Amino acid sequence: MPFLNLISKISGKVHIRAVLIVPFIFQIILAVGLTGYLSFRNGIEAVNDLATQLHTEITARIEQYLNTYLNIPSLVVNLNANTISNEQLDLNNLRSWLPYFFEQSKVFDELSFIYFGHQQGDYIALHRRDDGKLAYNIRDQKTEGLMFDYHLDENGKTLGLLKEPTKYDPRPRPWYQIAVTAGKAVWTDIYTFVGTGNETGQLGMSFVYPYYDQIGTLQGVLGSDFTLTRISTFLRSLKIGKQGKTFIVEPSGLVVA
1 MPFLNLISKI
11 SGKVHIRAVL
21 IVPFIFQIIL
31 AVGLTGYLSF
41 RNGIEAVNDL
51 ATQLHTEITA
61 RIEQYLNTYL
71 NIPSLVVNLN
81 ANTISNEQLD
91 LNNLRSWLPY
101 FFEQSKVFDE
111 LSFIYFGHQQ
121 GDYIALHRRD
131 DGKLAYNIRD
141 QKTEGLMFDY
151 HLDENGKTLG
161 LLKEPTKYDP
171 RPRPWYQIAV
181 TAGKAVWTDI
191 YTFVGTGNET
201 GQLGMSFVYP
211 YYDQIGTLQG
221 VLGSDFTLTR
231 ISTFLRSLKI
241 GKQGKTFIVE
251 PSGLVVA
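For the sequence shown, the numbering used here assigns the number 1 to the initial residue and increments by one for each residue that follows.
To be clear, the hints were calculated from the coordinates, so they are not data collected in a lab.
Remember, predicted model here, so these are calculated numbers, not experimental data.
Idealized CB from N, CA, C, for every residue including glycine.
Possibly wrong hints are sitting among the right ones.
Claimed, not checked - Mimicking DMTMM-like on lysine to aspartate or glutamate, the simulated pairs with C-alpha atoms at most 20 Å apart in a straight line are: (1) K133 - E154; (2) K133 - D169; (3) K106 - D131; (4) K133 - D109; (5) K157 - E103; (6) K163 - D130; (7) K157 - D131; (8) K106 - D153; (9) K163 - D153; (10) K167 - D140; (11) K163 - D140; (12) K133 - D149; (13) K167 - D130; (14) K106 - D149; (15) K167 - D149; (16) K157 - D109; (17) K157 - D140; (18) K133 - D153; (19) K106 - E154; (20) K163 - D149; (21) K184 - D149; (22) K163 - D131; (23) K133 - D90; (24) K163 - E144; (25) K142 - D90; (26) K142 - D169; (27) K133 - E103; (28) K142 - E164; (29) K106 - D130.
Stated by the list, open to error - Pair by pair, the computed Cβ-Cβ distance ranges are: (30) H151 - I215: 34 to 44 Å; (31) H55 - P165: 19 to 29 Å; (32) E57 - T83: 34 to 44 Å; (33) E144 - A60: 44 to 54 Å; (34) A60 - D213: 35 to 45 Å; (35) K163 - L238: 30 to 40 Å; (36) P99 - P174: 24 to 34 Å.
Whenever a hint applies, use it, and build me the whole structure from the sequences.
This is the structure:
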């Protein structure tokens, strides 16, 4: 009997202690678990908010860059159209345009081409090559239907030929036809530029402008081009984590840069 009474006393003590301790422990576990869950969820929300903010900032930066970059071709073409209208550029002597185009190319070094194709078939262009140097393309009565591509020195003086003269007529070219068909300034689609010298053609876009005289007669097409290379370089310079990358995609799904 004494032994049974001892067991009963111990059981009673254990039962009462358990009743007091277990709920307390459960509350602690619940509190810790809830705190951990809330911290985890808040952490995820913080990461998502940070990612969204970063995405928004990068998108805004890209849009600002593109808006600035894409305004340059139209600015240059409209400037050249006004210069012709003010009779500061002679449509009958495209060679005289070289100093003007040279200075313009130095100011707007984002452009790969600045050019004019005459309705009679003459053509002049300033081309920024892959190495950053400028080249001069001319086709007029003196060249007898051929286009000559010259190196230019740092002062805009012609040096040797980049390659053998080739037959060239601007009028059948897509950029010329697009401008004439539109009857107004317009962007072309992305296309592969014709390579100059040892260069290979690059993807780019043209802003073209059909120029008409005061009585509405087409005199030719002004244009300026840029390649997608600089845009791609800019996108690669953006830091988006360790493996993040940015792309510019057309609505058709074509990756532009």
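Of the hints given before, which are not true for this structure?
-> Numbers 2, 13, 21, 23 and 31 - these are the hints that the structure violates, sorted from lowest upward.
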